[in-house]
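Colleague: Residues per chain are reported as follows:
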Amino acid sequence: MSVALRSRLAPYLLGMPAGAYLAIFFIVPLFAVLSISLETGNYDTGFVLTWHWHEYVTAIREYHTQFIRSFEYAALSTVLALVLAYPISYWIAFHGGRHKSTYLLLLLLPFFVSFLIRTLAWQFILSDQGIVLGTLKNWHLLPQSLRVLSTPSAVIAGLTYNALPFMALPLYVGLERIDRRLVQAAGDLYARPATSFLRVIVPLSAPGIFAGFLLVFVTNVGDYVNATILGGPDTTMIGNIIQTEYLTNFDYPMAAALSSLLIGGTLIVIFLYARTFGASQIQEYA
Amino acid sequence: MTEHEANEPMSVDPALVRGLTEPRISRGKLVQRAGAGVLALGVAGFLEACGVGGANKKASTGTGANEIGSTAWWAKQKQAGTFQFANWPYYIDTSHGKHPTLEQFTKATGIKVNYEEVIQNNDSFYAKIAPSLQGGQGTGYDMVVMTNGWYLTELINHRWLIPLDHSRLPNFAKYAGSLVKSPSYDPANKYTTAWQSGFTGIGYDPRLTGREITSVEDLWDPKFSGHIGMMSDNTELGSVGLLKLGINPVTSTQADWHKAANILKQQRHMVRQYYDQSYIQALENGDTWISQAWSGDIFQANENGYPHLKFVVPHEGVMHWTDNMAIPLHAAHPADALAWMNFYYQPKIAAEVEDWVNYICPVPSAKSYIAKQLDDPTVAHSPLVFPTAAMTAKAHEYYTFKNFNEFNTWNGIFNPIIQS
Amino acid sequence: MTAVAGMLERRPLEAKASRVRPARFLLPAYVWLVIAYTVVPIAVMVAYSFNQTPSGKTTFAWQGFTTTWYAQVFAISDLTSALEHSFEIATGSTIISLLLGVPLALALARYRWRGGVVADSVIFIDIAAPSVVVGASLLSFFITLNIARGLGTILIAHVAFNVAFVTVVVRARALGLDPAIEKAASDLGASPWTAFRTVTLPLLLPGIISGGLLAFAMSIDDFIITQFVAGPKLTFPLWIYGAVKTGIPPQVFVMGTMIFFGGVLIAIANTILQRRTQL
Numbered sequence: 001m002s003v004a005l006r007s008r009l010a011p012y013l014l015g016m017p018a019g020a021y022l023a024i025f026f027i028v029p030l031f032a033v034l035s036i037s038l039e040t041g042n043y044d045t046g047f048v049l050t051w052h053w054h055e056y057v058t059a060i061r062e063y064h065t066q067f068i069r070s071f072e073y074a075a076l077s078t079v080l081a082l083v084l085a086y087p088i089s090y091w092i093a094f095h096g097g098r099h100k101s102t103y104l105l106l107l108l109l110p111f112f113v114s115f116l117i118r119t120l121a122w123q124f125i126l127s128d129q130g131i132v133l134g135t136l137k138n139w140h141l142l143p144q145s146l147r148v149l150s151t152p153s154a155v156i157a158g159l160t161y162n163a164l165p166f167m168a169l170p171l172y173v174g175l176e177r178i179d180r181r182l183v184q185a186a187g188d189l190y191a192r193p194a195t196s197f198l199r200v201i202v203p204l205s206a207p208g209i210f211a212g213f214l215l216v217f218v219t220n221v222g223d224y225v226n227a228t229i230l231g232g233p234d235t236t237m238i239g240n241i242i243q244t245e246y247l248t249n250f251d252y253p254m255a256a257a258l259s260s261l262l263i264g265g266t267l268i269v270i271f272l273y274a275r276t277f278g279a280s281q282i283q284e285y286a
Numbered sequence: 001m002t003e004h005e006a007n008e009p010m011s012v013d014p015a016l017v018r019g020l021t022e023p024r025i026s027r028g029k030l031v032q033r034a035g036a037g038v039l040a041l042g043v044a045g046f047l048e049a050c051g052v053g054g055a056n057k058k059a060s061t062g063t064g065a066n067e068i069g070s071t072a073w074w075a076k077q078k079q080a081g082t083f084q085f086a087n088w089p090y091y092i093d094t095s096h097g098k099h100p101t102l103e104q105f106t107k108a109t110g111i112k113v114n115y116e117e118v119i120q121n122n123d124s125f126y127a128k129i130a131p132s133l134q135g136g137q138g139t140g141y142d143m144v145v146m147t148n149g150w151y152l153t154e155l156i157n158h159r160w161l162i163p164l165d166h167s168r169l170p171n172f173a174k175y176a177g178s179l180v181k182s183p184s185y186d187p188a189n190k191y192t193t194a195w196q197s198g199f200t201g202i203g204y205d206p207r208l209t210g211r212e213i214t215s216v217e218d219l220w221d222p223k224f225s226g227h228i229g230m231m232s233d234n235t236e237l238g239s240v241g242l243l244k245l246g247i248n249p250v251t252s253t254q255a256d257w258h259k260a261a262n263i264l265k266q267q268r269h270m271v272r273q274y275y276d277q278s279y280i281q282a283l284e285n286g287d288t289w290i291s292q293a294w295s296g297d298i299f300q301a302n303e304n305g306y307p308h309l310k311f312v313v314p315h316e317g318v319m320h321w322t323d324n325m326a327i328p329l330h331a332a333h334p335a336d337a338l339a340w341m342n343f344y345y346q347p348k349i350a351a352e353v354e355d356w357v358n359y360i361c362p363v364p365s366a367k368s369y370i371a372k373q374l375d376d377p378t379v380a381h382s383p384l385v386f387p388t389a390a391m392t393a394k395a396h397e398y399y400t401f402k403n404f405n406e407f408n409t410w411n412g413i414f415n416p417i418i419q420s
Numbered sequence: 001m002t003a004v005a006g007m008l009e010r011r012p013l014e015a016k017a018s019r020v021r022p023a024r025f026l027l028p029a030y031v032w033l034v035i036a037y038t039v040v041p042i043a044v045m046v047a048y049s050f051n052q053t054p055s056g057k058t059t060f061a062w063q064g065f066t067t068t069w070y071a072q073v074f075a076i077s078d079l080t081s082a083l084e085h086s087f088e089i090a091t092g093s094t095i096i097s098l099l100l101g102v103p104l105a106l107a108l109a110r111y112r113w114r115g116g117v118v119a120d121s122v123i124f125i126d127i128a129a130p131s132v133v134v135g136a137s138l139l140s141f142f143i144t145l146n147i148a149r150g151l152g153t154i155l156i157a158h159v160a161f162n163v164a165f166v167t168v169v170v171r172a173r174a175l176g177l178d179p180a181i182e183k184a185a186s187d188l189g190a191s192p193w194t195a196f197r198t199v200t201l202p203l204l205l206p207g208i209i210s211g212g213l214l215a216f217a218m219s220i221d222d223f224i225i226t227q228f229v230a231g232p233k234l235t236f237p238l239w240i241y242g243a244v245k246t247g248i249p250p251q252v253f254v255m256g257t258m259i260f261f262g263g264v265l266i267a268i269a270n271t272i273l274q275r276r277t278q279l
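Chains as they are written, first to last, in my numbering: chain A, 1 to 286; chain B, 1 to 420; chain C, 1 to 279.
Note that these hints are calculated values from the structure, not bench results.
Every residue, glycine too, gets a C-beta built ideally from N, C-alpha and C.
Hints should not be assumed to be uniformly reliable.
[Claimed, not checked] Pairs of lysine-lysine residues, derived as BS3-like cross-links and limited to a Cα-Cα distance of at most 30 Å, are as follows:
id: 1; chain 1: B; residue 1: Lys107; chain 2: B; residue 2: Lys190
id: 2; chain 1: C; residue 1: Lys57; chain 2: B; residue 2: Lys348
id: 3; chain 1: A; residue 1: Lys137; chain 2: B; residue 2: Lys223
id: 4; chain 1: B; residue 1: Lys174; chain 2: B; residue 2: Lys76
id: 5; chain 1: A; residue 1: Lys137; chain 2: B; residue 2: Lys310
id: 6; chain 1: B; residue 1: Lys223; chain 2: B; residue 2: Lys190
id: 7; chain 1: B; residue 1: Lys107; chain 2: C; residue 2: Lys233
id: 8; chain 1: B; residue 1: Lys112; chain 2: C; residue 2: Lys57
id: 9; chain 1: C; residue 1: Lys233; chain 2: B; residue 2: Lys98
id: 10; chain 1: A; residue 1: Lys100; chain 2: C; residue 2: Lys183
id: 11; chain 1: B; residue 1: Lys259; chain 2: B; residue 2: Lys402
id: 12; chain 1: B; residue 1: Lys310; chain 2: C; residue 2: Lys57
id: 13; chain 1: B; residue 1: Lys190; chain 2: B; residue 2: Lys78
id: 14; chain 1: C; residue 1: Lys183; chain 2: B; residue 2: Lys107
id: 15; chain 1: B; residue 1: Lys112; chain 2: C; residue 2: Lys183
id: 16; chain 1: B; residue 1: Lys265; chain 2: B; residue 2: Lys107
id: 17; chain 1: B; residue 1: Lys394; chain 2: B; residue 2: Lys265
id: 18; chain 1: B; residue 1: Lys348; chain 2: B; residue 2: Lys190
id: 19; chain 1: B; residue 1: Lys372; chain 2: C; residue 2: Lys183
id: 20; chain 1: C; residue 1: Lys57; chain 2: B; residue 2: Lys98
id: 21; chain 1: C; residue 1: Lys183; chain 2: B; residue 2: Lys78
id: 22; chain 1: B; residue 1: Lys107; chain 2: B; residue 2: Lys402
id: 23; chain 1: B; residue 1: Lys367; chain 2: B; residue 2: Lys190
id: 24; chain 1: B; residue 1: Lys367; chain 2: C; residue 2: Lys57
[Stated by the list, open to error] What follows is a set of in silico ranges between Cβ atoms, one per label pair, in the way DEER data are often shown:
id: 25; chain 1: C; residue 1: Gly150; chain 2: A; residue 2: Thr65; range: 47 to 57 Å
id: 26; chain 1: C; residue 1: Ser186; chain 2: A; residue 2: Ala75; range: 38 to 48 Å
id: 27; chain 1: C; residue 1: Asn270; chain 2: B; residue 2: Ala332; range: 48 to 58 Å
id: 28; chain 1: C; residue 1: Ser81; chain 2: B; residue 2: Ser167; range: 30 to 40 Å
Just need the whole structure built from these sequences, with the hints factored in.
Modeller: Now the structure itself:
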């Protein structure tokens, strides 16, 4: 095989196992379900493909509040996770030395324990008169009427907490591969540590930031658990709605339409992000 | 060298720069992808033809002597020596890795029980077994335990449960309590017998409410604003609204539902949270002072270091729900499952399970067994496990939906209150 | 080539950092603070795994210290087997996801190919798709093809979403690798496989480890998708969630504690091993 042909085929060969797997076990089932969004009928009488695009109009009209709220919560929690995780990933990548993988493991370890246990524990810890709030209120550092649980803040805090490893790991990966000599070169050019951090390290870690953003934002938009356990009456996210439509109401067309909208909306946000931050020059794929 | 802009790294190597700035999505390909998507929809449509369709058709269950569930049919069923029992986790007596009541059953009848704790919610379990039943196939289970509600009603409406042969259930006839006999969702216990039941009433912390609670009205008391818990299950929520208006849920009409929804909307700004099951943590922590609550949760909380929490049957009434044993269609070993149903209804066996599960026992006479032989007065004398006559007099059942449209209407009325 | 040399050499930054004394304390202190923060709910769980519970179900009211539950940790056979299944599936799905995802990540990072755009979007959609829909669609798929639900179907489902996460993480790493290094290796006579094995793979290793850890964590904790595609054999989260209705047994906290400290032991062992190899 000629080198040219091999290098043309190479990506396809490399990508084929994963591609085939996803095509069979993800794309096909998913499109089958999404096509239901264009169908009419109900659970008893069955569904018929009628290209009922109006379902999407109904979906947006009824649930745009929850959509917007979900994107807001996801955006906030992503930014918070980024701010919280970046120093950790930076430290592990640049100062972790031989023990990098150990620190990563330690960071991730709490998340191997079931999320249900963690959330129950948080419910206990953050209760109005509990260990944290109760103590602070006794010392008169907080007003008595303050509550954390059953508020949007609790949901966002929960989202951020669960997002930490998803942000820290890709950030670490992106930071780890930065050539240290570039940073040293910046120093040689009289850049202060802060400047070389901002002007050299952060931009070079862009792929890591993008990967972290992708994992965190995208998963958080569709989240429903935090809103269920930690939230209040007005914190319902689109994930909750989709779950209800699917499992409680059996309104499959609506559930499928909402899912398509969710996926589509997220893709748009990713695309916008990639345009704004990911590349100053856009290059076409050949 | 001059300073560079924040977005551009210092040029070291073109390959590096390329790698750093390579886009993940490129502009024009979005159109191509959209086209591919439409094509895929066509594929999807084809798949739909052989995928999940409608659930309308009732299962064909044969006719005459061959009709599944008829006396003649049951006469032909033989015990096979084993059966698959699907239940909720931790919902049966457990001791050192074994289930004593199941072992006693095996000793008495020779039937082995394959006990699987595979049910987490009614809705998701239903979503799992319905497609098989729709396709005319067995679910792999000979006995399932499901709560009364839309999903059980669907199974009954579609004739996906095997009618029981009560001639083989003498213990049920003899020992079952009045609460669980002939419920409105399954008259004459044609398809189901109760496993455990429970009350949904009001749980509260008297130290925080400052007074005794006696009425559903108390859930609307502005003094408790911000510390009221309600359930996120819309059947529970709607039913308590109906109770407040003095309407019996079983005979309620759609107009009644709208009225109930209105008063629930008025309550909304006072509700702290619509809880799934975690209301009990909120009550224990003191975040919520008063809440809709399940009797079993309060019983456990009392045992577990929160003796001050109280459960009350409001004078308007309390909702009574049941987790039911049923035999799904095309079960491989129905006779064995039926044998277990009968075995369970002995006071001794029901008592052993009850001592562990602590919800409402379907066999009232198990009470003395628990008090004497099992020496557990806490359970035996608890009105949350063996309710008094006064309590059972106030027990109400939930509305049984006749068809999907009714169910849909109810959801459409009450879901927006919970999820806005 | 300077870039190549730079890639192959990783000198820690300590020498330059001596100027910034306060920051040197601040940053590690912050890191340990955050690790402590992530551990707070775990600490609560560990504490209450020693709690006496009259009713046999967990409670957050302190009733007294006891180690009974540690003695009886495997007393609930269904719970124990659920835990075993979770580990088996997590390990299996991590390995398979890595086997599938690493080549794809390389392909996406290194080459520009038409299929790459499609693969990219599929990866995004995979991460973006709500769990409920993925779970339900896979269930319909298995039923249509008459595939019996069991540990195998759970494994298939977990790989389906783990592959995307692994790919994203490994690609972030692969993007920085200069393909010229492999070319250099082949110039020196290495076959493509040898070049990959001895040059690319070690360079990718941080990404692979990170991706693997992430996949493992996601798999062991997955609930919604697993709920749909599970058969008679359960996983740990499934069992716990179903038990919430009647009350979670203390063994759940004990097992969580054991998982956590098991991981800590592995981390310590890892540290010691690395120190050894450096000598």
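Colleague: Does each hint hold? Answer for all of them.
Modeller: Results of checking the hints against the structure:
1. B/Lys107 x B/Lys190: Status holds; Cα separation ~28 Å.
2. C/Lys57 x B/Lys348: Answer holds: lysine 57 of chain C to lysine 348 of chain B is near 23 Å, not above 30 Å.
3. A/Lys137 x B/Lys223: Within the cut-off at roughly 22 Å; holds.
4. B/Lys174 x B/Lys76: Status holds; Cα separation ~25 Å.
5. A/Lys137 x B/Lys310: Satisfied, since the Cα-Cα distance of roughly 27 Å is no more than 30 Å.
6. B/Lys223 x B/Lys190: Outside the cut-off at roughly 47 Å; violated.
7. B/Lys107 x C/Lys233: 25 Å, holds
8. B/Lys112 x C/Lys57: Within the cut-off at roughly 28 Å; holds.
9. C/Lys233 x B/Lys98: 17 Å, holds
10. A/Lys100 x C/Lys183: Judged against 30 Å, a Cα distance of about 29 Å means the pair holds.
11. B/Lys259 x B/Lys402: Within the cut-off at roughly 20 Å; holds.
12. B/Lys310 x C/Lys57: 19 Å, holds
13. B/Lys190 x B/Lys78: 20 Å, holds
14. C/Lys183 x B/Lys107: 72 Å, violated
15. B/Lys112 x C/Lys183: 65 Å, violated
16. B/Lys265 x B/Lys107: 55 Å, violated
17. B/Lys394 x B/Lys265: It holds: about 26 Å lies between the C-alpha atoms, which stays within 30 Å.
18. B/Lys348 x B/Lys190: Holds - the C-alpha atoms of lysine 190 of chain B and lysine 348 of chain B are around 25 Å apart, at most 30 Å.
19. B/Lys372 x C/Lys183: Distance of about 83 Å is beyond 30 Å: violated.
20. C/Lys57 x B/Lys98: Holds. Lysine 57 of chain C to lysine 98 of chain B sits at ~17 Å (cutoff 30 Å).
21. C/Lys183 x B/Lys78: The given pair, whose Cα atoms are some 73 Å apart, is violated under the 30 Å limit.
22. B/Lys107 x B/Lys402: Violated. Lysine 107 of chain B to lysine 402 of chain B sits at ~42 Å, over the 30 Å cutoff.
23. B/Lys367 x B/Lys190: Satisfied, since the Cα-Cα distance of roughly 27 Å is no more than 30 Å.
24. B/Lys367 x C/Lys57: Distance ~22 Å between lysine 367 of chain B and lysine 57 of chain C Cα, so the pair holds.
25. C/Gly150 x A/Thr65: 47 to 57 Å: Violated: the Cβ-Cβ distance is about 41 Å, outside 47 to 57 Å.
26. C/Ser186 x A/Ala75: 38 to 48 Å: Given about 45 Å between the Cβ atoms, the range holds.
27. C/Asn270 x B/Ala332: 48 to 58 Å: Roughly 49 Å apart at Cβ, these two residues keep to the hinted range, so it holds.
28. C/Ser81 x B/Ser167: 30 to 40 Å: 38 Å Cβ-Cβ, so the 30 to 40 Å window holds.
Violation of the numbered hints given earlier is confined to hints 6, 14, 15, 16, 19, 21, 22 and 25; the remaining hints are satisfied by the structure.
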